[in-house]
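Peer 1: With the hints as constraints, model all of the structure from the sequences given.
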Amino acid sequence: MTAEELAQVNDIVVVGVGGQGILLATDIIANVFIASGYDVKKSEVHGMAQRGGSVESHVRRDRERVSSPLISFGQADVVLSFELMEALRYAHFVRPDGAVLYSTQRIPTVAMAAGESEYPADIGRQLETRCRIALPVDAMSIARRTGNPRVANTVLVGALSHFTEVSADIWQEAVLDRVPEKAREVNRRAFAAGVRVAETLIGA
Amino acid sequence: MTEKLLTGNEAIASGAENSFVSVMVGYPGTPSTEIIENVAARDNSDIYAEWAPNEKVALEVAIGAALSGVRAMATMKHVGVNVAADPLMTATYMGVRGGLVIVTADDPGMHSSQNEQDNRNYAKFARVPMLEPSDSQEAHDMVGRSLDISETFDTPVFLRCTTRVSHSKSLVKETILSRPGARRGFERNPQKLVMIPANARGRHPKVQKRLRALQEFADEADYLNRIEWGNDRSVGIITGGIAYQYVREVRPEASVLKLGLSYPLPMKMIREFADAVDELFVVEELDPFWETEIRAAGIQVNGKECFPITGELSPSLVRTGLGEPIQTQHPDGPDEVEVPVRPPVLCPGCPHRGVFAVLSELGLIVTGDIGCYSLGVMPPLSAMDTLTCMGASIGQAMGMEKALGDDAPDTVAVIGDSTFMHSGMTALTDVVYNDGHVTTIILDNHATAMTGHQAHPGAGLAAQQKGGRRADLEKLVRGLGVDDVARVDPYDLDEVKQAVRSAGQNNAASVIIAERPCVLLDRALPGHRFSVGDDCTGCGICLRIGCPALSRTDAGTVQIDTVLCTHCGMCAQVCDFDAIERRDESS
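Chains A and B are the protein sequences, given in the same order.
All residue numbers in the first sequence are consecutive under this note's numbering, ending with 204.
All residue numbers in the second sequence are consecutive under this note's numbering, ending with 587.
None of these hints come from the bench; they were simulated from the model.
All C-beta atoms in this analysis are idealised placements derived from N, C-alpha and C, irrespective of residue type, glycine included.
A few of these clues could be false.
Said to hold, decoys possible - Covered stretches of chain A (in silico footprint by chain B; criterion: 3 or more residues with CB under 8 Å from a CB of chain B, positions within the stretch not fixed): (1) 38-44; (2) 51-64; (3) 77-90.
Peer 2: Listed below in structure tokens is the structure:
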């Protein structure tokens, strides 16, 4: 992507399963955008939807003023999904020349776990037809190799950072700001691994 | 001055600090909860903050504070105002001394609610002015405005938020907003404050006179209501709250009348605006509240024929309502795809699961209530048959029993500890008093868990971590006259089953207290680990308890996700083949 295109990544929808740390991720994104001098709004979901249900949170920035905290269908520059099937559920938010970054982690619903319904097939292929870039990230495996499966989110934020003009250092600072001292090192490694995944696909 | 990224609720808490509010009271309820939480969490705050057992008490405490000449706020979700409606409808006759603001946090779209009532109707019903912010800055500022209006016009004032304002973050400049206008101390004035009929008859005309004064004020309050002229005057849009942001998003060039005062309306301003544009739209979430008022004034508008009356608005819906097509996907992409639903579920290790697993197995009729345990209705447990409002479970079970007599199905009422303290106690009193035989199960997890583990009288520890004497649930129900009281551990399925059976056979009111702290408060039991052994036949009986940590393997047997598992052991108890093994942590 060109530098000009990167500076146009303003509207990001982060989705996943309640409890995966989606609000923390959008807080980090919002802090990065504020630090680079933008007006920012974000929307969150609290209450019942957080109990293992499907969750979405929107973050937006604008040099002048953000109006709606919600992004319209077909207007998100990036959809970042912490779970495979959730990427498909919210894919209608991404603009045709935008990007979907998604974890390949599958979290079955209770109905699926009981064998009453099937996890959808071919999700990656379906995502590819909907936008310019559909980037699968095996965030769970990468996080495990890094030392802790709980830093999968940091891997994904690392990948996302490569889709903006803001430097990786600023992104990494914003991430490390929000993790406890003892988890800094593993998060640093996870972030760097995420950046590398994105570099491999769209170039450094 | 630095700006902070705050949610609407955080901004209201900050606005309260910056307006020298003395007393804040609420009952937790999404999307209002974080207002009191944020005030209570501040060190050295001058505000006294408390969780009341319900919204009626919350408002009554706030009224008492305002009558004492200090500034007070009561916070609640939209349906909480129904509970507080009784004091509200008469407090409006009495007026205030110190400013009194009621925050109603409505939930269009029902993210976490049983209905999506539009509480602007309460403003009209109670003749109380209502302010409505459209972002966090306005939420902050309008706290001060509301308190000023309250003191100036001697009236309670509503500050209405919706989920999308309460739970969206935007940048806020925090400044001192306004200072209390009343003298501290209670002053006797029975004609104004003792609403016996003779006095209330004198007050009602004053309420109507106050409303006329507020209508005039609405037209002058250009810091609340304003016209933003655009280049385009072919269309004029009247809007407010979050809908204003959506209109600005999709029609940046449009001429807009932005309402910050949702009631009463600035009719002069609206008429001038209508005369200056060719076509008028009202963009409002939920009810045609403004539309109806504007039409009644003889002004033609487009409203609910263009925008939905149900659910939450969005930029996309506003765009299509104003007549623009939207592009949702790549021209070559597939049409709408169907993705399996992912409803919320009881957490792994949730103690409520034990009770619902038993009720599901016994096939009892279950009258339900409001809380995390409402999720007991979801498959595969599917163990809830009614759910209406806070505290309704016990009364409904009583009604079924009295209606059907000997033909009544075996029924239990299920209610959480916080909900029982909120409004279950009076219904249980009814059962005892009128010789009902209802079995009530109190799911005591020591918290108002759904909204984020706020304390309540049954759990002790008050909002600001001071005092908080704990009400003893067992003594309480015995005191109401229930003799058959059992205490069980919801993790012990046999014990729960025995207690439910025994209570069902007892021809008197019975209460079962199923006590165990919320698993999110008291995570992962030490000492045991569970794993599925070779004896697993794949029968799937353990999957019927609906634990997210359990799933089928490709081979058809069951596996346990060790990250999610909290070692509660309920799956091992239901397994007929002893295939789920318990081991010591060390092995």
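Peer 1: If a hint holds in the structure, say so; if it doesn't, say that too.
Peer 2: Results of checking the hints against the structure:
1. 38-44: This one holds; 6 residues, not fewer than the three required, reach chain B with a Cβ under 8 Å.
2. 51-64: Contact hint for the region 51-64 of chain A vs chain B: holds, 4 residues under 8 Å.
3. 77-90: holds (count 4)
Taken one by one, the earlier hints all hold for this structure without exception.
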